[in-house]
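Generate coordinates for the entire structure from the input sequences, incorporating the hints supplied.
Residue numbers (the working numbering), protein chains in the order written: chain A, 249 to 361; chain B, 43 to 153.
Treat the hints loosely; a few may be bogus.
[What the hints assert, rightly or not] No farther apart than 27 Å at their CA atoms in a straight line, the calculated lysine-lysine pairs in the DSSO-like style are these:
hint : chain 1 : residue 1 : chain 2 : residue 2
1    : B       : 78        : B       : 140
2    : A       : 318       : B       : 140
3    : A       : 318       : A       : 259
4    : B       : 99        : B       : 112
5    : A       : 259       : B       : 78
6    : B       : 140       : B       : 112
7    : B       : 112       : A       : 305
8    : A       : 301       : B       : 140
9    : A       : 259       : A       : 305
10   : B       : 112       : B       : 101
11   : A       : 305       : B       : 78
12   : B       : 140       : B       : 93
13   : B       : 112       : B       : 93
14   : B       : 140       : B       : 99
15   : B       : 78        : B       : 93
16   : A       : 318       : A       : 301
17   : A       : 305       : B       : 140
18   : B       : 98        : B       : 112
Hints in this document: simulated from the structure, not taken from any laboratory.
Listed below are the residues making up each chain.
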Amino acid sequence: DAGITQSPRHKVTETGTPVTLRCHQTENHRYMYWYRQDPGHGLRLIHYSYGVKDTDKGEVSDGYSVSRSKTEDFLLTLESATSSQTSVYFCAINRAAGTDTQYFGPGTRLTVL
Amino acid sequence: GQQVMQIPQYQHVQEGEDFTTYCNSSTTLSNIQWYKQRPGGHPVFLIQLVKSGEVKKQKRLTFQFGEAKKNSSLHITATQTTDVGTYFCAGPNQGAQKLVFGQGTRLTINP
Numbered sequence: 249d250a251g252i253t254q255s256p257r258h259k260v261t262e263t264g265t266p267v268t269l270r271c272h273q274t275e276n277h278r279y280m281y282w283y284r285q286d287p288g289h290g291l292r293l294i295h296y297s298y299g300v301k302d303t304d305k306g307e308v309s310d311g312y313s314v315s316r317s318k319t320e321d322f323l324l325t326l327e328s329a330t331s332s333q334t335s336v337y338f339c340a341i342n343r344a345a346g347t348d349t350q351y352f353g354p355g356t357r358l359t360v361l
Numbered sequence: 043g044q045q046v047m048q049i050p051q052y053q054h055v056q057e058g059e060d061f062t063t064y065c066n067s068s069t070t071l072s073n074i075q076w077y078k079q080r081p082g083g084h085p086v087f088l089i090q091l092v093k094s095g096e097v098k099k100q101k102r103l104t105f106q107f108g109e110a111k112k113n114s115s116l117h118i119t120a121t122q123t124t125d126v127g128t129y130f131c132a133g134p135n136q137g138a139q140k141l142v143f144g145q146g147t148r149l150t151i152n153p
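Here it is, written out as structure tokens:
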């Protein structure tokens, strides 16, 4: 698979605390994506980026913000975590320039108590 | 907005039986993609279909894209325990470089 890493891989936090998840790629791809995965809902897009400092909202963006200051890093921030944000978060990149097929990172399991 | 529906949500089979999952889009798609996620793992790209009526095979897996480019299916012949996992279809969101995923079909197999 492509060089995508996510950190942390697991995190437990309390309601109301800020949380930042990191996605790092070594492929120099322009497009990066953040999804959440919940039972019965499949993969839902939170935010995506089409370049440094260029981001846009997905279908479930409320309560999340993102930043991309470097091509290789895409950060997802939960400003004030809630229990409804307990989920598995996946980062993805396009598999190659000019294609919309995607490589996924290993995922981050986040639990908000 | 654009929706991609997938059925069934769950399927349990005996090893050796066949398995099929179906995917339907609310809009015409430029292509349809299939991904597999093993338990505890991440989604992995399997295949992309582009042409109307296209059929592609990967060993025991057969993928079809409908004539109207709004539906697709994945059929597995003679399932094996290695086929266990969740299968997702996905289509590009119109006008944007992003995908809309179906809810997935979780396949479990009794050896």
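Decide if the proposed pair is consistent with the structure: residue 99 of chain B and residue 112 of chain B, CA atoms, cutoff 27 Å inclusive. 19 Å, holds
Regarding the pair residue 112 of chain B and residue 305 of chain A, is the alpha-carbon distance no greater than 27 Å? Holds, at about 25 Å.
Given the hint that residue 301 of chain A pairs with residue 140 of chain B, test it: the Cα-Cα distance must not exceed 27 Å. 17 Å, holds
Is the hinted pair residue 318 of chain A and residue 140 of chain B satisfied, with a Cα-Cα distance of at most 27 Å? 20 Å, holds
Keeping to a limit of 27 Å between CA atoms, is the pair of residue 140 of chain B and residue 112 of chain B held or broken? Holds. Residue 140 of chain B to residue 112 of chain B sits at ~17 Å (cutoff 27 Å).
Mind checking the alpha carbons of residue 140 of chain B and residue 99 of chain B for me, to see if they're no more than 27 Å apart? The hint holds at about 25 Å.
Please verify whether residue 78 of chain B and residue 140 of chain B have alpha carbons no more than 27 Å apart. 18 Å, holds
Regarding the pair residue 78 of chain B and residue 93 of chain B, is the alpha-carbon distance no greater than 27 Å? 21 Å, holds
Can the restraint linking residue 318 of chain A and residue 259 of chain A be considered satisfied, given a maximum Cα separation of 27 Å? 24 Å, holds
Is residue 305 of chain A within 27 Å of residue 78 of chain B, Cα to Cα? Holds. Residue 305 of chain A to residue 78 of chain B sits at ~25 Å (cutoff 27 Å).
Please work out if residue 98 of chain B and residue 112 of chain B have their alpha carbons no farther apart than 27 Å. Holds, at roughly 17 Å.
Tell me if the straight-line CA distance from residue 112 of chain B to residue 93 of chain B falls inside 27 Å. 11 Å, holds
Every hint from the earlier list agrees with this structure, and none is contradicted.
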